[in-house]
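Required output: the full structure, derived from the provided sequences and hints.
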Amino acid sequence: GQNIDQPTEMTATEGAIVQINCTYQTSGFNGLFWYQQHAGEAPTFLSYNVLDGLEEKGRFSSFLSRSKGYSYLLLKELQMKDSASYLCAVTEGSYQLIWGAGTKLIIKP
Amino acid sequence: IAGITQAPTSQILAAGRRMTLRCTQDMRHNAMYWYRQDLGLGLRLIHYSNTAGTTGKGEVPDGYSVSRANTDDFPLTLASAVPSQTSVYFCASSPGQGGVETQYFGPGTRLLVL
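Note that the protein sequences, when read in sequence, are chains F and P.
In terms of our numbering, the first sequence opens at residue 1 and continues consecutively.
In terms of our numbering, the second sequence opens at residue 1 and continues consecutively.
Rather than coming from a laboratory, the hints here were simulated on the basis of the structure.
Just so it is clear, CB atoms sit at the ideal spot from N, CA and C, and this is done for glycine as well.
Any given hint could turn out to be false.
[To be verified] Going by beta-carbon spacing under 8 Å, a handful of chain P positions derived as facing chain F:
hint : residue
1    : Ala14
2    : Gly40
3    : Gly42
4    : Leu45
5    : Tyr48
6    : Phe105
7    : Gly106
8    : Leu111
[Claimed, not checked] Restricting the straight-line Cα-Cα distance to at most 25 Å, the calculated cross-link-like pairs of lysine to any residue (SDA-like) are:
hint : chain 1 : residue 1 : chain 2 : residue 2
9    : P       : Lys57     : F       : Gly28
10   : F       : Lys68     : P       : Gly99
11   : F       : Lys68     : F       : Gln36
12   : F       : Lys76     : F       : Glu55
13   : P       : Lys57     : F       : Ala101
Following this line, the structure appears as structure tokens:
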């Protein structure tokens, strides 16, 4: 079976850096997605990792270690608009996505 | 229309009633999906369609049915609603070219079954 774990909630300060972790156990891993979801809105795509290492995209970076079943999303120079839930999702053999419950990130001034 | 639209935005439904949630995309994507999102749980796949004319069951299909008569539309029907179907329902699509793809989501339908 598949299992994805993320912290339920995190708090950080505006301008700071925060790292949101995701661990997974799945068969037939094909890649890992991070999505952002503001309250009351739809999830939107942030990043996709299929190879080990760090993918940087502006203030957001995502890291993957396939051997450890581990990923993190790194958010730099936090802004109030970054307050949202961050969803980790992994693909498995059928190419469908298995979703974590999400991490609610609260940014304080 | 740009992207994916869903209707209605929200609905209060009496238990036992039949309800169809509508989903339309204009991106000519082959693959479409229906998820439900409940507090404390990840998005759970209800049904999916890899291409027009085909559908498949996801993780939580019981009590729901879908059809895919054409590329653009993917309606989800609750034949006889029950309170446990209270949830936020998201429709999503992806190009459907094969392999791993980014999914794009509609704005969601908030359903309350009483």
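Consistency of the hints with the structure:
no. : hint                : in the structure
1   : Ala14               : 24 Å, violated
2   : Gly40               : 6 Å, holds
3   : Gly42               : 3 Å, holds
4   : Leu45               : 6 Å, holds
5   : Tyr48               : 7 Å, holds
6   : Phe105              : 4 Å, holds
7   : Gly106              : 6 Å, holds
8   : Leu111              : 14 Å, violated
9   : P/Lys57 to F/Gly28  : 19 Å, holds
10  : F/Lys68 to P/Gly99  : 23 Å, holds
11  : F/Lys68 to F/Gln36  : 24 Å, holds
12  : F/Lys76 to F/Glu55  : 14 Å, holds
13  : P/Lys57 to F/Ala101 : 21 Å, holds
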